[in-house]
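For the protein sequence lines, the chains are A and B, in the order given.
Each step along the first sequence adds one to the number in my numbering, with nothing skipped, and position 440 is 440.
Each step along the second sequence adds one to the number in my numbering, with nothing skipped, and position 138 is 980.
The set of hints was computed from the structure by calculation and includes no laboratory data.
Please note that the accuracy of each hint is not assured.
[Stated by the list, open to error] Okay, the calculated bits of chain B under chain A, using three or more residues with CB under 8 angstroms as the criterion:
1. 860-868
2. 967-980
[What the hints assert, rightly or not] Pair ranges (Cβ atoms, derived):
3. B:Asp930 - A:Val705: 25 to 33 angstroms
4. A:Leu654 - B:Lys871: 43 to 51 angstroms
5. B:Gly976 - A:Leu652: 23 to 31 angstroms
6. A:Ala703 - B:Lys871: 27 to 35 angstroms
7. A:Pro706 - B:Lys871: 53 to 61 angstroms
[What the hints assert, rightly or not] Short derived list, chain A residues pointing at chain B, Cβ under 10 angstroms:
8. Ala233
9. Gln237
10. Arg626
No residue lacks a Cβ here, since even glycine has one placed at the ideal position from N, Cα and C.
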Amino acid sequence: MSPPLSGRGPARLANASSGAFIRWMQTGVALINLLVFGVVAVSLYESHAESQQRAGLTAQNLSNLLAQGVAGDIDRIDLTLLSAVDEVQRQLADGAIDGPALNAFLARQQGRLPEIFSLRTTDADGIVTHGIGVAPTARQNNSDREYFTRQRDNPGTGLVIASPVFTRLDQRWAVPLSRAIHLPDGSFGGVVYANLSLDHLANTLAAIDVGRRGSVSLRDRELRIFALSPVPANFDQVAGEKLPMPELQALIEADRHAGSYVSARAVDGVERKFAVRRVAGFPLYVVVGRATDDYMAQWRKLATNTAAMVGLFFLATLISSWLIDRNWKHQLAATQELAREEEKFHTVADYTYDWEYWEGPGGEILFMSPSCDRVTGYSPAEFLAQPDLLYRIIHPDDAHLMADHQRDIAARDEAGVDFRILRRDGEVRWIGHGCRAVFGRDGKFMGRRANNRDITERKRIEHEIRQAVAYNRSLIEASLDPLVTIGADGKITDVNSATEAVTGYARDRLIGTEFSDYFSDPDKARAGYRQVFAEGKVRDYELEIRHQDGHLTQVLYNAALYRDDTGEAIGVFAAARDISERKRAEEAVNRLNTELEQRVARRTAELEAANKELEDFSYSISHDLRTPLRAIAGFARILVDEHAATLDSEGLRLLDVVQANTVRMGRLIDELLEFLRLGRRPMNFGSVDVAQLVLEIFRELQASVPDRELQLVLKNPPPLWGDRTMIRRLLTNLLSNAVKFTLPRPLAVIEVGGEIKGDQVLYYVKDNGVGFDMQYVDKLFQVFERVHPVGQFEGSGTGLAMVRRIVGRHGGRVWAEGQVDVGATISFTLPAREVANDSTQR
Amino acid sequence: MTQRNDEVEILLVEDTAADAELTIRALKKNCLVNNLVWVKDGAEALDFVFATGAYAGRDQARQPKVVLLDLRLPRISGVEVLRRLKNDDRTRTIPVVVLTSSKEDVDVEECYRLGVNSYIAKPVSFDEFVKVVGELGLYWLLLNKIPNE
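With the rest of the complex left out, here is chain B (with noise of 0.2 angstroms):
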């Protein structure tokens, strides 16, 4: 993706290229796809985050509006990103949607518990998909306020 990325919305962390190509385009399909970045693993995503890595140098003051992560990850899993995430300060108010197959009881606890903003199953149904993903898109991309903005 660009190193120059001003107006970064959307910080997608999936591994699996259909579902990523799936997501974009459910996004797409709710016109929420401006300025998207897709990394492919937590440690990818930690470094962009805090401009580390590949993205040293990015300018940190600008962060996404939201984070969709994936909890299955290489390397670094998505519980863990989304700890680092919430135990810094500097990206603690960033939003991070949980959009996960996993419907399993214990990562819902720990990412709640970690302050995950939302958890979203991913339905099988394409259709339904669409659906969860506009729904949420539009709430943290349009109508929720990040504090410091």
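Excised from the complex, chain A in its bound form (with noise of 0.2 angstroms):
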């Protein structure tokens, strides 16, 4: 069976792939956030460097706008100082003075310019003279002032631009700008000046928005601050003062006219970026920070943000990869899970020994076992695409079977039925089919799942089997003994008709009874048969069957447990023999076996009695005949010794005749004597080696016969198991009746041999001699009969007989073929017996 391809892949490629994608996806998510990070910080760079620039930008453009109104301011100042210069020279030039109408000329100019709150003038010494709310008589001298110094002490010094006081008159902050009066004679006469407020400026620079830390100073060229702003707390401390700015500084000493730096060192410490302008044509700088706070604030917060956003960013896709990696790993975890289930699943499915299918509701093939080849040499492939392959090969004689089946599973979820199959190579196969209906989880018919077992073998071993019970029933009927087998509760559960015959009752109705309520003694009947139990048999144990109609059976039973597969008692199977046949049978031959030893003693005393008679019949032979014989001979001899001279010739010669006769009848009666000594003899048996045997007999006879020419062909007679005496007996006389019927031959060719012809050994004696007249062979072997006349050979009648009764008392056969003149052949037959062992020892 092929494993199936499917089912293996997708574990594999999840395996492999789960690492390398994680991998990936953990670099591109890293690659995606240094990305960003770039990008951001770039972007941030860059817009950080644009925020720098333009803040450096906006505050070189709002020094810029300052100074120019600085300066606009400053030139409005100076063309009233100037035009109050010019009044008050013309008016010296007139002559003098004209208090009221230069005060209300200086009033006039002052109220055109609402940032100065004072325009005075002063006379050569420093008293201040006119101008709103001067009063001449106060005689306030400012001679002290810089304003007035610096006009003074430098004529021609054009307009001057002092350092931020607080104005004795109005008690107030005012930068004062003084122009010079110059007398008619060219002498110095005293300075206008003009109080430019602190306020004012203060006021112009706070129109600009520098920020919330930013700054904005008006200084001079000794870096003496004019005003601030914001204004701060100690405003009066830091006025005028010179404030050391070496960046400042180093600008004003090379003359620039603009420019900017950073720098940390101002009054609160703060780092701001400062952008300076001088206001043009005065030497006064405009110097506008921007709190490097301030204008970065926005950068800052957009880099917050936005590092707040990349960090979200990160974070996001940190989570979402981790979310993913999770996830995948589940998935992995499922995909792998369902690859195993899946592998399980065909493993399940595809290695299952019987043949199962999964029939859909429509007759479709949805699943066929590899094994449908091994059991119907079709593959699942071509049960697949032919769903009533399943059907074609029923076999036809049992496709009843399978339509039976199918309106039974039409009501039953489960069902089964056994059927034939013919097999792709024609072979029948029986097949065990199980089904039963496959539901859905939501109860939807999906058709059957089905399962095929080859049975063929169970089959054939259920038929051997029921074969096998039908013989062993047989076999139990056909006893004539009532056979019955009885369970451990001591019930029939089984008997045969013999039985039914001998109590009169039916099977069914014996069955499931007491076995002991149909015996005349039916406690004994329990006693035999816990006997049984208790030694496992019984033997001969007399019981009595009462038949239904109360007549008594005397039985002998014979019982045995007999147990089941595993060795345990199951029941007694017992054996009744009716004995009541054999009693009387018994009897019968008991009465014939006492006519039988009757009639055999009878028989036996007549034979004794006869035997008797032969023994005194051979003894008498032996004696009573030979002492007459005996007289004969010995008279005749004594009438020859001692009265030879009183007889003639003739009566000497009828005398010789006696003597002749007696001698001869005394040999009759020594081999009658033999002959039935013969009949009487214990044998006692051994290996006879024939072959020597018959060698020594002839050199015997040779050396009785010295002037014939005797010739002995041996052909191997094998060695025979017998009575040694006898056989040389045997041996003896066939030889020498060989010997004695080969007398008118000049060469007489006597030849022994035999052979092992299955349990039997076959010799034969074979002369060239006078042979016989077939027709007289009967004879041949009976006592005193003769097939030659008495004188022409010697001889008593008693040889063959004799060879007769010693082949006879071996168990072996002998007859003898002849032919007139051509020789005889005597053959005889003997047991094989041990003789056959002994072959090879010749």
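These two chains come separately, so use the hints to put the complex back together.
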């Protein structure tokens, strides 16, 4: 069976790709994050630079704007100062100062310039002379003021912008601006000065938004602070003071009109970006400082937001990649689990030993186990392609079984049927089919799941068992003895028809009933039953079966435990022998035996008597016949010896005849005795080397007839098993017969041979003598019977009779063949017995 | 026969006159018939040996030198005679030669079991008979010494 190819790939693929996927995903997330970081960093860097640049630019522009504004204010104040100077000088030129007119003039001029809060004149000594709020009598001397001293000490100075002061008259901070008044003679005649309100400057500066921590200041070349925005709480201390600012100082010393720098060395230590612009035409500088914190605040906010976004993004990617990873792993595990489940399913489904399939609701094959090939010879693909193949291979004779089964399963969820199929190769196989309906989770009918088992072997065994059972049953029924099996509870489990006959009850009536009820002595029956359980069997247990009609049958029970295949005793098998018949027979036999014995005894007695007679007869022959014979011979001899003189020659010849016949009769008696003795003599069996024995006898015979020429041909007579003395007698008789009947032959040829023929050994003695006529062959072996006239050949006629008796006593057979003037062959067989084993000892 | 028989050498027990004559002739031919007593049956033979009956008064100390015993005898058989002789200390040493025409094995074995000294089957031929009788007479009368003598 080839392993199915499906159901293995996904798990392996999933395993292989999972690591790579996770790595690729992590790398991708890292790269995207790096890219985002990079872009954000570049963009922040750029916006940072841009912010810096813009801040610088804005500061420049603001400083420009302020410088222009301050320049315009100063220009306007200067024009007013110039016109005031002109007015004073004109009046002076006109002779004298018209006080009120000048005051009015100054007041008018001052009124045009809101940024100044005073416009006044001093004399050459520094005494404030004219202007709003000037009381000539007060003689306010401002000769110590910078705007005065510088004008007085440096004629031709032009406009002097003095360091801020707290004015004595107005009690306000102001930047005094002054121009010198020249007397008509050209000498110094005082100054016209205007107090530019620091508040105004401050307002001008404050109008510019430089940020929360930005600062704007107005300074002169000596870095004295003229105005500050925002106005610090300690403005009084810093106004006019020189605040060291090396960058600014360097810039001023370089005589540059504009510039910028970054410094933290401000009053408050805050780092700022400063833009410096010289107020055009005046030694004043507008310094606009934007706090880095301010102008970078937006960038910082942006950067913070961006960083937060990036962080969020990073976090998001991290979380999502973790989620993806986890999800992927879950999915992977699920896929692998699915693959394992699928493989398990395939293993379960494809490796079934039985032929299994799933038939859909429409009769289509949804699954076919590969084992169908083993059972049917058709492949799963063939079944899938031809759903009716399932039914085509059913043996035609069993089609009705399947039809019944189909009706069956219409009514039931589970059903089974055994039927035969024809395999592809034509072989018939028995199938044990079982199927059950398949329902989905929703209860929908999804066809039938079927299991087909090859039960050919089981069917064959069942058939054999049925046959064996039938055979056993027929054996049991054939028994003339009543047979019964009894369960452990003493109830009959089975009977044969002989039991029915002996009890008079039908089998159905007997089975299940108490067995002891059918005996004349139920207690003894139960005792026998218990004995079987105790000892395993009973032998010839006498009981009496009671027939329904009341008559009793004497039986002998032979019973044994029978056991199941685990050796557990499950009951008793009992066979009853009806001995009433046997007893009758025994009696008859006994009677017959008695008669027979009597008859035998009578016959034995008769036989014994006959034997006795025979003994007496042979004894009398030997004794009683010989005694007169001896007397005849003896006295004939004495007659010859002692009375020869009184007898003539004829008388003597007659006496010779008498003597010769007495000798012959003596020999006859001897031979007859020997013949009779042969019948009674006990046998002494042993191995006899026939060839050797023949040779010995032949030599003796040759010695007895030295004038005759005898030739012995030995043709491997095998040794035999017998009484050596008797065998010697037998061979002697045969050989001497051969010698005797070859007398007329110049060369007597005597052949002795033999061979083993199955369980017999055949011997023969053949001669080339006078032979005999086969019509007298029956007489050959009878006592005193002769086929040749007395006198022609010596002999009493007991030789072959003796041979036959010896062969007979050895359990063999003897016969003769002969032809007149050609020769005779005497053959005999003896049982082979152990002779065959000794044949190698020759 | 004679009452006084001091020098009995052969006791012939034979019922057949012809055989007895032939035996005596054969002994004669061998010059061995001095002092031969012929009794015609076993009873007479026992009477002679044990000096009873007709032989009462016979001197029992003088026993024959050999008993020639036929087996087929009237009244008491030759075998019985042999048994009585061999079972009695007085007669056990008398040599007994069974002379019989019987060659039956039973007789031979029985006689030897009872202690017969010789067993002779009388040949039919007279010449041979003479020869056999001569040989046994020579042996038992002339050569063989009985222990108590």
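- Message: Output the indices of the hints that this structure fails to meet, ascending.
- Response: 3, 4, 7, 8, 9
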